[in-house]
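Novice: One letter stands for each residue in the lines below.
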Amino acid sequence: MKKSKGISYAKWGYIFITPFFIAYVIFTLYPQILTIYNSFFENYREGLKQVGPNFVGFGNYVKLFTPDKTGTINILKYTGNTLALWIGGAIPQIVIALLLAIFFTSYRLNIKGQQFFKTVIYMPNLIMASAFSMLFFTLFSNVGPVNQLITAAGWSEVPIDFFAYKGTVRGLICLMNFLMWFGNTTILLMAGIMGIDQSLFEAANLDGASSVQTFFRVTLPLLMPILVYTVITAMIGGLQMFDVPQVLTNGKGMPDRTSMTLIMYLNNYLGGSKNYGMSGAISVIIFIITGILSMFVYRSLTKKD
Amino acid sequence: MKKIIALLLTVVMVVALFAVGGGTAFADDEGKVFNIYAWNEEFKGFFEKYYEVPDGVTVNWIIVPSDNGAYQDALDAALLNQADAAADDKVDMFLAEADYILKYVDSEATQDITALGVTDFSNAYTYTVQAASDADGVVKGVSFQCCPSALIYRRSIAKDVLGTDDPTEVQALLDSWDKFNAVAADAKAKGYYMTASFAETYRPFSNNCTSPWVDEDNNLQFDPQIEAWIAQTDEFIQNGYTLTAGVWDDEKNVQMFADGKTMCFFGPAWYFNFCMGNAMDPDKGCSGDWAICEGPAAHFWGGTWLLAPAGSDNPTMLADIMNTFINDEEVCTALVANEAQFSNNQAVNAKFAEDPDYGNEFLGGQNDVAVFAGMTDNIVWENHTIYDQLLNEGLQTSLQEYYRGSVDQDTALNNFYLYVNEKYPTIVTP
Amino acid sequence: MDYNNSADSRKAKAQLTALRVLVYAILIFLSILCLFSFYMLIINASRSNGQLQAGFTLIPGGHMMDNLKNAWTDASINIPRGLLNSFMIAALTAVLTTYFSALTAYGIHAYDFKLKNIAFTFIMAIMVIPSQVSAAGFVQICYKYNLTNNFLMLILPGIAAPVVFFYMKQYMESTLPMEIVEAARVDGSNEFRTFNTIILPMMKPAIAVQLIFSFVQSWNNYFLPSLLLTKAEMKTVPIMIAQLRSADYSKFDMGKVYMFILLAILPVLVVYIFLSRSIIKGVTAGSVKG
Numbered sequence: 001m002k003k004s005k006g007i008s009y010a011k012w013g014y015i016f017i018t019p020f021f022i023a024y025v026i027f028t029l030y031p032q033i034l035t036i037y038n039s040f041f042e043n044y045r046e047g048l049k050q051v052g053p054n055f056v057g058f059g060n061y062v063k064l065f066t067p068d069k070t071g072t073i074n075i076l077k078y079t080g081n082t083l084a085l086w087i088g089g090a091i092p093q094i095v096i097a098l099l100l101a102i103f104f105t106s107y108r109l110n111i112k113g114q115q116f117f118k119t120v121i122y123m124p125n126l127i128m129a130s131a132f133s134m135l136f137f138t139l140f141s142n143v144g145p146v147n148q149l150i151t152a153a154g155w156s157e158v159p160i161d162f163f164a165y166k167g168t169v170r171g172l173i174c175l176m177n178f179l180m181w182f183g184n185t186t187i188l189l190m191a192g193i194m195g196i197d198q199s200l201f202e203a204a205n206l207d208g209a210s211s212v213q214t215f216f217r218v219t220l221p222l223l224m225p226i227l228v229y230t231v232i233t234a235m236i237g238g239l240q241m242f243d244v245p246q247v248l249t250n251g252k253g254m255p256d257r258t259s260m261t262l263i264m265y266l267n268n269y270l271g272g273s274k275n276y277g278m279s280g281a282i283s284v285i286i287f288i289i290t291g292i293l294s295m296f297v298y299r300s301l302t303k304k305d
Numbered sequence: 001m002k003k004i005i006a007l008l009l010t011v012v013m014v015v016a017l018f019a020v021g022g023g024t025a026f027a028d029d030e031g032k033v034f035n036i037y038a039w040n041e042e043f044k045g046f047f048e049k050y051y052e053v054p055d056g057v058t059v060n061w062i063i064v065p066s067d068n069g070a071y072q073d074a075l076d077a078a079l080l081n082q083a084d085a086a087a088d089d090k091v092d093m094f095l096a097e098a099d100y101i102l103k104y105v106d107s108e109a110t111q112d113i114t115a116l117g118v119t120d121f122s123n124a125y126t127y128t129v130q131a132a133s134d135a136d137g138v139v140k141g142v143s144f145q146c147c148p149s150a151l152i153y154r155r156s157i158a159k160d161v162l163g164t165d166d167p168t169e170v171q172a173l174l175d176s177w178d179k180f181n182a183v184a185a186d187a188k189a190k191g192y193y194m195t196a197s198f199a200e201t202y203r204p205f206s207n208n209c210t211s212p213w214v215d216e217d218n219n220l221q222f223d224p225q226i227e228a229w230i231a232q233t234d235e236f237i238q239n240g241y242t243l244t245a246g247v248w249d250d251e252k253n254v255q256m257f258a259d260g261k262t263m264c265f266f267g268p269a270w271y272f273n274f275c276m277g278n279a280m281d282p283d284k285g286c287s288g289d290w291a292i293c294e295g296p297a298a299h300f301w302g303g304t305w306l307l308a309p310a311g312s313d314n315p316t317m318l319a320d321i322m323n324t325f326i327n328d329e330e331v332c333t334a335l336v337a338n339e340a341q342f343s344n345n346q347a348v349n350a351k352f353a354e355d356p357d358y359g360n361e362f363l364g365g366q367n368d369v370a371v372f373a374g375m376t377d378n379i380v381w382e383n384h385t386i387y388d389q390l391l392n393e394g395l396q397t398s399l400q401e402y403y404r405g406s407v408d409q410d411t412a413l414n415n416f417y418l419y420v421n422e423k424y425p426t427i428v429t430p
Numbered sequence: 001m002d003y004n005n006s007a008d009s010r011k012a013k014a015q016l017t018a019l020r021v022l023v024y025a026i027l028i029f030l031s032i033l034c035l036f037s038f039y040m041l042i043i044n045a046s047r048s049n050g051q052l053q054a055g056f057t058l059i060p061g062g063h064m065m066d067n068l069k070n071a072w073t074d075a076s077i078n079i080p081r082g083l084l085n086s087f088m089i090a091a092l093t094a095v096l097t098t099y100f101s102a103l104t105a106y107g108i109h110a111y112d113f114k115l116k117n118i119a120f121t122f123i124m125a126i127m128v129i130p131s132q133v134s135a136a137g138f139v140q141i142c143y144k145y146n147l148t149n150n151f152l153m154l155i156l157p158g159i160a161a162p163v164v165f166f167y168m169k170q171y172m173e174s175t176l177p178m179e180i181v182e183a184a185r186v187d188g189s190n191e192f193r194t195f196n197t198i199i200l201p202m203m204k205p206a207i208a209v210q211l212i213f214s215f216v217q218s219w220n221n222y223f224l225p226s227l228l229l230t231k232a233e234m235k236t237v238p239i240m241i242a243q244l245r246s247a248d249y250s251k252f253d254m255g256k257v258y259m260f261i262l263l264a265i266l267p268v269l270v271v272y273i274f275l276s277r278s279i280i281k282g283v284t285a286g287s288v289k290g
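Residue numbers (the numbering used here), protein chains in the order written: chain A, 1 to 305; chain B, 1 to 430; chain C, 1 to 290.
Because the hints were derived from the structure by calculation, they are not lab data. A couple of the hints might just be wrong.
Stated by the list, open to error - Here are the simulated EDC-like pairs of lysine to aspartate or glutamate, each with C-alpha atoms no more than 20 Å apart in a straight line:
{"id": "1", "chain 1": "A", "residue 1": "166", "chain 2": "A", "residue 2": "256"}
{"id": "2", "chain 1": "B", "residue 1": "159", "chain 2": "B", "residue 2": "175"}
{"id": "3", "chain 1": "C", "residue 1": "231", "chain 2": "B", "residue 2": "41"}
{"id": "4", "chain 1": "C", "residue 1": "144", "chain 2": "B", "residue 2": "160"}
{"id": "5", "chain 1": "A", "residue 1": "49", "chain 2": "B", "residue 2": "410"}
{"id": "6", "chain 1": "A", "residue 1": "49", "chain 2": "B", "residue 2": "422"}
{"id": "7", "chain 1": "A", "residue 1": "49", "chain 2": "B", "residue 2": "73"}
{"id": "8", "chain 1": "B", "residue 1": "49", "chain 2": "C", "residue 2": "74"}
{"id": "9", "chain 1": "A", "residue 1": "77", "chain 2": "B", "residue 2": "422"}
{"id": "10", "chain 1": "A", "residue 1": "49", "chain 2": "B", "residue 2": "134"}
{"id": "11", "chain 1": "C", "residue 1": "69", "chain 2": "B", "residue 2": "41"}
{"id": "12", "chain 1": "C", "residue 1": "231", "chain 2": "B", "residue 2": "89"}
{"id": "13", "chain 1": "A", "residue 1": "77", "chain 2": "B", "residue 2": "160"}
{"id": "14", "chain 1": "B", "residue 1": "32", "chain 2": "B", "residue 2": "320"}
{"id": "15", "chain 1": "B", "residue 1": "261", "chain 2": "A", "residue 2": "256"}
{"id": "16", "chain 1": "B", "residue 1": "32", "chain 2": "B", "residue 2": "55"}
{"id": "17", "chain 1": "B", "residue 1": "179", "chain 2": "B", "residue 2": "160"}
{"id": "18", "chain 1": "A", "residue 1": "11", "chain 2": "C", "residue 2": "182"}
Fair warning: this is a prediction, and the values are worked out from it, not measured in the lab.
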């Protein structure tokens, strides 16, 4: 397609992409391989004593999948927590974003003050997640303003202990994730809708299609690629969920570890005792779960009916 | 765009400057930078007030909060790297608490301080020296404070509940756990809480354990004292004698205001300044409405030891600091008089204890030094392990969920075991 | 018929008005939801500890400057230092990420070479791998070679940023046709110079957007810095904020705690208020055509 005019520019292509690949190999690929390698070793620090590295085969994986005293396989529990926290935030995020995108792009509705609303709903996306959850912790703590409001208004005699119940802790985490991401999704989906050929809408209109029909027959199918993109990126983000629950629950995933995510679990091993064996095994499992879920989401959303 | 690039270039230059920076070296055989590891600012305050740093030496504080073992992790990493670290990066002194001092004392990471010139322990309390000695009796550090922990009560509430606020009479009414539990019911009947945290009485029990947290085969074990604490706390929570807050929580601390409804707290001398800020608040506090007595069980809480790391490049200054804080009469006197500390110098403490004019305003003029001095003989130092901090902390956090009604007791204990497994893979949990 | 039509249209109009009211109500509700916590933050950052404990209010307390002074000079949480550290790391990461992503994208966009397609597919594939998967190995390397508490370990990995690369590649495809590239280059001239002096300026909008996004991302990053930065004077803002949540928290006066949080998010908030229009536009520019 491109003519070389006698001079070969090919070497420049290699030169330009080299830094990327060098950095990738040093800072990502090599650590990744090391992580996988480590997962087959017992290797941690206990106080001032270094244990290992000793080769243990699949020992760390076996340990992860061995049920504890109550019969719970904890890694599955944390996977479940992570998915529940992700879905709890992602479903309202995508539904509301889709609604807002339709509102904003509708000529009939002709919403005024769009720039203002967009600015406001996008803002939480840029806020430091750790600061945002620290803020929520102070607002919802037993002596915080929300409880002051609740007791002053007489809705409850005693303060509501938001951090003692699975439902409220998870609810707060989902709410924060929703707030942080629905604005971003709205804007992505808006761009997707505006990219759809206007004549298709006019044609649907002429055929007497209702706006609901237009949405399901025209908008949604054409929006599918961007929707898949949104769901997959949201999912990868969801699986990596860490800052919000970590700071909100001070790393404890309370109550009863029901808001402990996979990355928080990884951090438990990696943060203190530098347990490279167990954290390696957890990383590999997260990697596998991400792969499977991406595949699953991609397949189910792009399936032709 | 140009502006952005200009700005970024400036940043790059600033970073470069930081990277190159550092002091000029003086010709002397000892280091010019003295690195101290600590988990809070408490000792730093005393050090800066009462220790005169030799000319040309810069003191560098590395402060890492202790929550969830973060301080120990940072310290372990630094000590393990001690041999390879540049002279100015070597740990020259570090602080440790009773709950994990053993880990450092019983290791190669610390050195014999008698060899450095700290030899006089005649004035120090025995348990503070025992705690800083390894299995062979080699002393590796000193404590600048002695921490017998007292029952701190609100005088006005004690009058209402017990009919007296006199420390001797109060002590007689609260000198066993049976009496303490019975009074808790009386307090409740009058609309008060006995304590403000479910873990308030943890230390008086745990300090009197007759077995360590782990046995010779590294099995986790619950001492009868720990079980007794759990039983008492169950009862207290069920009957509403205490709150579900942790010992450090805000919810507990608001109980120290004048309008608080709690009669008893437990704590050593450092507790007044460090934790009772609300009680000292000029507007909403109740300074003077407090007093102390020994309470149901002799115990100590915390205490800050100064330990000597092997490989420090400032041995002379290190020894000098240690001697200053246990043997310098002037400094020890100032710690008691100005800082409300109970010093680790028996002679100095005795002086205050016998002084009829000495009294602590916060405690309504009570001579707290005399009370603390009377308690020191009953303190024992035994049955400690290198795991104590995280095990004590982990047990309390896990059980807190049970007391708050989130989980049942078995689940709470199971979560404690999970926590132990993550932190210390070698400990065998039930 | 005309009559009918206008009745229909009147009905439709009423429906539309009702729908509009509903839509505005939803929008206002969501806006309040987004703004409420920040409003509370600003209010509470202006109240003294005593006022905060006295109860809930929506009215500022007038202690903003006291709290600012207390927070700014706090001994254990050195927020000015944290802001400086965060700024240095984030600014340098943003520059490296943006520049090298553009360079890599240009390398693949403008040249034909044997491994071109493989390289492109490879970068696309690694885009979905969660970054935390390499964290364990990365932390191990840093501890082994004494590279903890070293800002470079947080900055340099930014050179390989698949997502930013993808954005740049998309942008080039839509705004930088090969004809322009060919016209811009003088045969035999240094291609590197062509990129720096001609191509980069043409990419201004994309570069500005990615500078901002990668800055914000690095500014807010918590996971890896918290594992690698252990020295107090090296800590970044998110680590300090998380520290507030743990232990000695109860000792703090709450006005100061709110002020810390405000200080942590303020820089990004201010930038956002000024640049929101282009930031929001930038969100979509690279991802839509994909």
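Novice: All hints are to be evaluated individually against the structure, with a verdict given for each.
Specialist: Going down the list of hints, with the structure as the test:
Note on residue 166 of chain A and residue 256 of chain A: the hinted pairing holds, with a Cα-Cα distance of about 8 Å set against a maximum of 20 Å. A threshold of 20 Å between alpha carbons decides the hint, and for residue 159 of chain B with residue 175 of chain B the separation of about 17 Å falls inside it, so the pair holds. Taking the CA atoms of residue 231 of chain C and residue 41 of chain B, the gap is about 15 Å. The hint holds against a cut of 20 Å. A distance of roughly 62 Å separates the Cα atoms of residue 144 of chain C and residue 160 of chain B; the hinted pair therefore is violated under the 20 Å criterion.
This hinted pair does not check out: residue 49 of chain A and residue 410 of chain B have alpha carbons roughly 32 Å apart, beyond 20 Å. The hinted pair formed by residue 49 of chain A and residue 422 of chain B meets the criterion: a straight-line CA distance of about 16 Å does not exceed 20 Å. Of the supplied pair hints, the one linking residue 49 of chain A and residue 73 of chain B holds, its CA atoms being roughly 12 Å apart against a limit of 20 Å. Simply put, residue 49 of chain B and residue 74 of chain C have alpha-carbon atoms about 18 Å apart, close enough for the 20 Å limit, and the pair holds.
Distance hint between residue 77 of chain A and residue 422 of chain B is fulfilled; the C-alpha atoms sit about 16 Å from each other, no more than 20 Å. About 17 Å separates the Cα atoms of residue 49 of chain A and residue 134 of chain B, which keeps this hinted pair within 20 Å; it holds. Only pairs whose Cα atoms come within 20 Å are accepted, and residue 69 of chain C paired with residue 41 of chain B is accepted, the gap being roughly 19 Å. The straight-line distance between the Cα atoms of residue 231 of chain C and residue 89 of chain B is roughly 11 Å, inside the 20 Å bound, and the hint therefore holds.
Taking the CA atoms of residue 77 of chain A and residue 160 of chain B, the gap is about 51 Å. The hint is violated against a cut of 20 Å. Of the supplied pair hints, the one linking residue 32 of chain B and residue 320 of chain B holds, its CA atoms being roughly 15 Å apart against a limit of 20 Å. Only pairs whose Cα atoms come within 20 Å are accepted, and residue 261 of chain B paired with residue 256 of chain A is rejected, the gap being roughly 30 Å. Under the criterion of a C-alpha separation no larger than 20 Å, the hint pairing residue 32 of chain B with residue 55 of chain B is consistent with the structure, at around 9 Å.
For the suggested pair residue 179 of chain B and residue 160 of chain B, the alpha carbons sit about 17 Å apart, so the restraint of at most 20 Å is met. Taken as a hint, the residue 11 of chain A and residue 182 of chain C pair is honoured in the structure, with Cα atoms around 16 Å apart against an allowance of 20 Å.
The structure does not agree with the numbered hints 4, 5, 13 and 15 stated previously, though it agrees with the rest.
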